[in-house]
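For the record, the sequence lines run as chains U and H.
Residue 365, in the working numbering, is where the first sequence stops; the numbers in between run on with no holes.
Residue 104, in the working numbering, is where the second sequence stops; the numbers in between run on with no holes.
Everything labelled a hint here was simulated from the structure, so no lab data went into it.
Note that the Cβ used here is the ideal one computed from N, Cα and C, for glycine as well.
Among the clues, some could well be false.
[What the hints assert, rightly or not] Listed next, the in silico DSBU-like pairs over lysine-lysine satisfying Cα-Cα at most 35 angstroms (straight line): (1) LYS110(U) with LYS80(H); (2) LYS93(U) with LYS4(H); (3) LYS4(H) with LYS110(U).
[What the hints assert, rightly or not] Derived CB-CB ranges, DEER-like: (4) SER301(U) with ARG48(H): 50 to 60 angstroms; (5) ASP28(H) with GLY347(U): 43 to 53 angstroms; (6) ASP96(H) with SER208(U): 50 to 60 angstroms; (7) ASP57(H) with GLU288(U): 46 to 56 angstroms.
[Stated by the list, open to error] Just a sample of chain H residues kept apart from chain U, beta carbon distances all over 12 angstroms, derived: (8) GLU3; (9) VAL37; (10) GLY47; (11) ARG48; (12) SER53; (13) GLN62; (14) PHE63; (15) VAL65; (16) SER66; (17) GLU68; (18) ALA70; (19) PHE77; (20) LYS80; (21) ALA82; (22) ARG92; (23) THR95.
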Amino acid sequence: MSLVQQLNQKALAKGVPLSVHLDVTYRCNERCEHCYLEHDDRGEMSTAEIRTLLDQLANAGVFFLTLSGGEPLVRLDCFEIIEYARSLQFNVKLKTNAILIHEKEAQRLKRLGVEQIQISLYSHRAEIHDGITKVQGSLDRTLEGIRVLRSLGLKVSIANVLMRSNSNDSESVRALAAEFGAHYTLDPTITPMIDGRRDVLRFRASASEVSDVFHNAALVGDLEEFCTPPAAVDDSIREGLPCSAGHTACYISPYGDLYPCVQFPLACGNVRRQAFAEIWRDSPQLREVRSIRGKDLETCSVCSHLGTCTRCPGLAYMEGNMRGPSSVDCEKSFIRTGIPSAGMMAGATNGSISARSLVQIQLPA
Amino acid sequence: MSEKYIARSASVAARLLDGEMIIMSAVDSTLFSLSDVATAIWQSADGRTPLSSIVRDSICAQFDVSAEVAYRDAEAFTEKLASHGILRVSDRPITDEDSIPVLS
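Looking at chain H on its own, in the form it has when it is part of the complex (with noise of 0.2 angstroms):
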């Protein structure tokens, strides 16, 4: 399985609001509501975290799921968001500017 790297766009705008992050994508104007997991992936999602250690450190660790069932989910995920300009997905760490921390 060939390592994947998951980065905020910077191009979106987001909010965490009632623990629940809110993200519009600025390609296409959808509006996206984060389940917690998910937003856990978001949160995390820096550039430079491989997909696989988000999942075991910020998913497996906080939710009772199998890491098999919770890798297969985040990649869909990823891929969905990525869809929408609002995650970047590459095979190779991300460290260029489009990339922006979320607030805490």
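With the rest of the complex left out, here is chain U (with noise of 0.2 angstroms):
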């Protein structure tokens, strides 16, 4: 067991929360067309309230702290965040579109010691990337932006979204990250709007977008391995958590509302209101959240993908039910595999979620 693994395994055990992501702000200076996010500011939190926050995060034992947003740096105060969270010694990453970061701002993140910058990146193509950000010059700005974050020597992350319009330009992205020394991930979540409105899921790719992308080696590496039928379900399986939102993982948006983790709008309570330490110790909501095994999921305690899929608990919700399939990761257990989940195979899932009824973030009035 890896020293990583046995650090979760302890963390889970003393319920510690060990990683927390915190979005800063909602604000962007971009508008990119499947965000999920509103950006008005409704009330952000303060540079003092989120430096009590930090304070309390690093007192729960949070190690790991993901700043992002929005876009982080358009907050002004970003880099006092970063600094003081620095002096607290979190393990920070920064989840940022580098328009913002030029030689100057380069420096400071290294001076800084911050982990990782985990950077957008659609498309190698200018009128692909732009039109999705829908800012013209977006393209050459983040692509400066890593490459002076690279010449400096920090670990640059680079995240490609999987969507209809760029969904040919994956193995591209992937030659220009490594290309800079950038680690490349790709994803094809989209996830609905956080005021609940679905029609961002138009630009998700399709089935068959997925299907070339599962099934191409320079994407996912080993075929074999990622596309074989999954093994027999067996009782850790059964007894094992679905995922670390809410058991050593959570979110706090920039109202200080506290959730399971970004993509689960499960409200547990506000860090504005009552410390964190409670609410991560007493809140009814996490309580049930940690609650759920394996063994207890509708539909999917019976499915064969039970052990390899990678079934998001918030999406579930978000489609109405936390124990129930995620119809989104249900198709692509199927796309990896060719084997129907149970989920498919007993219609909970028709192969969109625009059918369901969702359950989303609530904003400030």
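Make the complex out of the two chains shown on their own, each in a separate frame, by following the hints.
This is the structure in structure tokens:
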């Protein structure tokens, strides 16, 4: 067992929130067509509130801290927040579009010891990338940000979201990442809007486009391993946890609302009204999430994919049942292996969550 | 024997988790889990206290080990952490801003 696995097991046993994702703003300098956020400022936490929160997170044992948004660097105090987080010795990861990163900002991130900068890149072609971000020149600016960060030796991870409009560009973006010496991730997940609107789902890559990616060794590695039919489900899988959300990880919005994960809009409390540790320990919602094991999942507990599915409890929750299947992940398991999921067989999913009622994060009025 | 001074690097991430110090090197992202003895050394690595004093006051006073063995182990440990950029080792006090305090 690796040290990271040991660390996770220990955190789980001790109830320690090892990882926290904190969105410091929902404001952004891009308007990506598939984005689930609403970008107006509804009363973000102040610098002082975030400093107090970071103190609480450090005391609770949080080690991995992801700062994101919106675009976090549109906050004028973003570097002050990062600096304070690093003084508390968090392992800090920054998610950004890098548009505001020039030599000076990169030098500062380097000096502050930020572990990794994750940057969204949709295509190597300006007409596609800028078409998605709705900001002319954004590809050039993002690439320049990546270049300057890498020139200083900072770790960069390029996040490539797979959509209809860029489904032919994944290999080229991966090659670009390799050229920069950056890590590359490809994610086909598009989630409904934060206000519940579902029109952004039309940007999702089609099943055949996802299939092309899932059967491309250049993108997924060992095809035989990636596409292999699931192994038999045993007791360790049935007794296992669906994912780390709410167990060793959680998400906090710019307004102080705490959720199990950025993709799991089950409100558990607000750090402006209650101490983080109290919410983490006592929230009935988190307790419910923590009580769920593989064997408790309706439909999925008897699915042959149970041990290998990427089932997201948050996406299942958005579809109306945190113990139910996540149709997107049912589709992914099917596309990957050719074996229908129990959810598909039972008709629990119809291949599109657009037909379902959705639960979403509640924004301040 | 020349004196040695050790200072925690500002570029690492660290957290005390149930009595065990977890440290990640910013140089190579290696994750370390320190034993209780190593944690005591890490927490005392302020750049000003000589390693021999740390061994005497923080190790021998708390753990059942001879000063000679403890110093030899502490030297090996500090060299290893220094190779990952986690500690700085010098033959004179380290007082610059590259050292930062650890959380209590």
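Now for the hints, and whether the structure bears them out:
Between LYS110(U) and LYS80(H) the CA atoms are separated by roughly 23 angstroms; this keeps the pair inside 35 angstroms, and the hint holds. Between LYS93(U) and LYS4(H) the CA atoms are separated by roughly 34 angstroms; this keeps the pair inside 35 angstroms, and the hint holds. Between LYS4(H) and LYS110(U) the alpha-carbon distance is near 28 angstroms, which keeps this suggested pair within the 35 angstroms criterion. At roughly 59 angstroms, the beta carbons of SER301(U) and ARG48(H) sit within the given window of 50 to 60 angstroms.
Roughly 50 angstroms separates the CB atoms of ASP28(H) and GLY347(U), a value that falls within the hinted 43 to 53 angstroms. At roughly 59 angstroms, the beta carbons of ASP96(H) and SER208(U) sit within the given window of 50 to 60 angstroms. Between ASP57(H) and GLU288(U) the Cβ separation comes to about 49 angstroms, which falls inside the hinted range of 46 to 56 angstroms. The claim that GLU3(H) is not at the interface with chain U holds, since no C-beta of that chain comes within 12 angstroms of its own (minimum 27 angstroms).
The beta carbon of VAL37(H) is kept farther than 12 angstroms from every beta carbon of chain U, the shortest such distance being approximately 18 angstroms. Annotated as non-interface, GLY47(H) keeps its C-beta farther than 12 angstroms from every C-beta of chain U; the closest such distance is 16 angstroms. The claim that ARG48(H) lies off the interface holds: its Cβ sits roughly 19 angstroms from the closest Cβ of chain U, which is beyond the 12 angstroms cut-off. Against the 12 angstroms criterion, SER53(H) stays outside the reach of chain U, whose nearest CB is about 24 angstroms from its own CB.
Annotated as non-interface, GLN62(H) keeps its C-beta farther than 12 angstroms from every C-beta of chain U; the closest such distance is 23 angstroms. Distance check on PHE63(H): its Cβ is at least 22 angstroms (rounded) from any Cβ of chain U, clearing the 12 angstroms threshold; non-interface status holds. Against chain U, the non-interface label of VAL65(H) holds: every CB pair exceeds 12 angstroms, the least being about 25 angstroms. No beta-carbon of chain U is positioned within 12 angstroms of the beta-carbon of SER66(H); the least distance is around 30 angstroms.
Here GLU68(H) stays apart from chain U, with its beta-carbon at least about 30 angstroms from theirs, past the 12 angstroms limit. Non-interface status of ALA70(H) relative to chain U is upheld: no Cβ of that chain comes within 12 angstroms, the nearest being about 25 angstroms off. At roughly 17 angstroms from the closest C-beta of chain U, the C-beta of PHE77(H) stays outside 12 angstroms, upholding its exclusion from the interface. With a closest Cβ-Cβ approach of about 15 angstroms to chain U, LYS80(H) is found to remain outside the 12 angstroms limit, as its non-interface label requires.
ALA82(H), annotated as away from the interface, keeps every beta carbon of chain U farther than 12 angstroms; the closest lies near 17 angstroms. Every CB of chain U is more than 12 angstroms from the CB of ARG92(H) (nearest about 24 angstroms), matching its label as outside the interface. With a least CB separation of 18 angstroms from chain U, THR95(H) remains clear of the 12 angstroms interface cut-off, as annotated.
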